[in-house]
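These protein sequence lines are chains A and B, in that order. In terms of this note's numbering, the first sequence opens at residue 279 and continues consecutively. In terms of this note's numbering, the second sequence opens at residue 67 and continues consecutively.
Calculated from the structure, these hints are not laboratory results. All clues stand as given, with none of them false.
Simulated crosslink set (BS3-like; lysine-lysine; CA at most 27 Å straight-line):
hint: 1; chain 1: A; residue 1: 442; chain 2: A; residue 2: 303
hint: 2; chain 1: B; residue 1: 107; chain 2: B; residue 2: 178
hint: 3; chain 1: A; residue 1: 444; chain 2: A; residue 2: 362
hint: 4; chain 1: B; residue 1: 147; chain 2: B; residue 2: 178
hint: 5; chain 1: B; residue 1: 166; chain 2: B; residue 2: 107
hint: 6; chain 1: A; residue 1: 444; chain 2: B; residue 2: 166
hint: 7; chain 1: B; residue 1: 124; chain 2: B; residue 2: 178
hint: 8; chain 1: B; residue 1: 147; chain 2: B; residue 2: 124
hint: 9; chain 1: B; residue 1: 69; chain 2: A; residue 2: 303
hint: 10; chain 1: B; residue 1: 135; chain 2: B; residue 2: 124
hint: 11; chain 1: B; residue 1: 178; chain 2: B; residue 2: 69
hint: 12; chain 1: B; residue 1: 166; chain 2: B; residue 2: 103
hint: 13; chain 1: B; residue 1: 69; chain 2: B; residue 2: 166
hint: 14; chain 1: A; residue 1: 444; chain 2: A; residue 2: 303
hint: 15; chain 1: A; residue 1: 442; chain 2: B; residue 2: 178
hint: 16; chain 1: A; residue 1: 442; chain 2: B; residue 2: 166
hint: 17; chain 1: B; residue 1: 69; chain 2: B; residue 2: 103
hint: 18; chain 1: A; residue 1: 442; chain 2: A; residue 2: 362
hint: 19; chain 1: B; residue 1: 178; chain 2: B; residue 2: 103
hint: 20; chain 1: A; residue 1: 303; chain 2: B; residue 2: 166
hint: 21; chain 1: B; residue 1: 69; chain 2: A; residue 2: 362
hint: 22; chain 1: B; residue 1: 69; chain 2: A; residue 2: 444
hint: 23; chain 1: A; residue 1: 444; chain 2: B; residue 2: 178
hint: 24; chain 1: A; residue 1: 442; chain 2: B; residue 2: 69
hint: 25; chain 1: B; residue 1: 166; chain 2: B; residue 2: 178
hint: 26; chain 1: B; residue 1: 69; chain 2: B; residue 2: 107
hint: 27; chain 1: A; residue 1: 362; chain 2: A; residue 2: 303
Okay, here's what each chain looks like letter by letter:
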Amino acid sequence: MTDVTEAITRVHHEEWARVVASLTKRFGDLGVAEDAAAEAFMVAVERWPLDGVPPNPGAWLTTTANRRAIDRIRRESKRDDKQKEAVALAEIQGPDEPSPDRHSAIEDDRLRLLFTCCHPALAPEARIALTLRMVGGLTVPEIANAFLVQETTMGQRITRAKNKIKAAHIPYRVPEAADLPERVSGVLAVLFLVFNEGYLSSGDHESSVRGDLTLEAIRLTRLVRALLPDDGEVAGLLALMLLIEARRTARVSATGELVRLDEQDRGSWDLDLIAEGHRLVRERLAVVADGGARPGRYQILAAINAVHTSVRDARDTDWSQIVALYDQMIRVDGSPIVRLNRAIAVAEMDGPEVALAEIDRHLGPSLDDYHAFHATRADLLRRLGRSGESRAAYDRAIELAENAAEVALLTRRRDQLGPS
Amino acid sequence: MAKYLMSVWGPDSDYELENYGYSSPEEMMSSFEATGKFNDKLQAEGYFVFADGLDAAKTATVVDGQGEKPIITDGPYAEAKEHMAGFWIIDVPDLDVALKLAAEASAACLGKVEVRPMQTGPEA
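Given these sequences and hints, build the entire structure.
Shown next, in the form of structure tokens:
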């Protein structure tokens, strides 16, 4: 990559959402903003190698995108009054010149954009696609590739979502304080889904873009944290993602098999990410100890991951602390899946028999279609020497599992079982 | 400001039941009262355009006047498990306001409410 190409890639990452957000605010239309931003970056790709990278790339892009949007709206006569008005205003005021005192207003624009893309009136898959396109700046083919759908399908999904935002008058603003916690949790859910799609993808698809989804999710969560630094759950989700991402390379073996936490080569974990994750978890613990809001789902999950990543040897894991954190988690979310995860920790603390009795008594009916339930049972039965029952449970888990690396692990474990 | 249709949906068979689908006369009366209060609030806040309940869908008649002679058919246009049972038309700043009102409307009338924007654009 030449220096200019590198600069364009970096500026694209840093400035795309700002350009789209500022144009959306000005023209009141996501479609106009997206098209004009894309055109401005195309112009940059043509011009910067010849003219050099401008001293303030963000302002250059916003100015270029503004001009393109105005040209486009002029050409199309059927635009509504609001946009004509925006064009008139834009011409009087001139384009935004980012200056120190404008900083917070621009950050607000990006936050507005994020809340609009994650609005609960949009279908969950549309929220994900729209966020990656409008805030993340991924192209439609990249998003389609990551989620294994046709490019035309993904294009239509994004277009439909943009049309609904316009037709239904989904407001372009940061929600009021009273609604903020709920709406932030909706944004975080979208970001965590993006992360998980990159991390534990269904199917055996191995595309670089899909791997990039975890990094994109982390980047966007960092952005949300910069915009909402006092929100504990935002910090919690960022810490959680960092602590999971830190283990990425250790998590799949050279032969493409999932490697369980206790068998991972801890030397290959990313220590910088772990340190940053731990710092965030400690920061939140201090706030809670000072009488701050009780930790929610992401903060508790991050704390659990912090316990796992704070020892160099899996045998030193503090399981009683993990069980205690799962007890806290059950108060936030008493779903069977959380109870199953608690039972896995109980197995380490009190032995497989206690855990097996617990999950068979309470979770069987509700989790019968969930592969991890059968994988957990299979493992507990194996440890208790009940090979026949363990084999049957592995068979069922393999049948239900969707991730290729996980199927590989479960198959090997099953085939290693002794005679029943 | 933007106008929305908030429609309440339910099975047509409710109209044949003793309490119109409510579990008791008391529940019916308290729902009517809550809906009345909600309408008053809409009026007071300046969001109210129009509201009413509809009779059973099977009392509907479809007319097709596109040919030489109008064709008149008994019954609703679409056969469906659920039909519109009543509606509000509101005029509010944006969808977030409409969704909040729809939640209150749903709680008052004890039914699910669909929120749908009207095509007329925002007024200057």
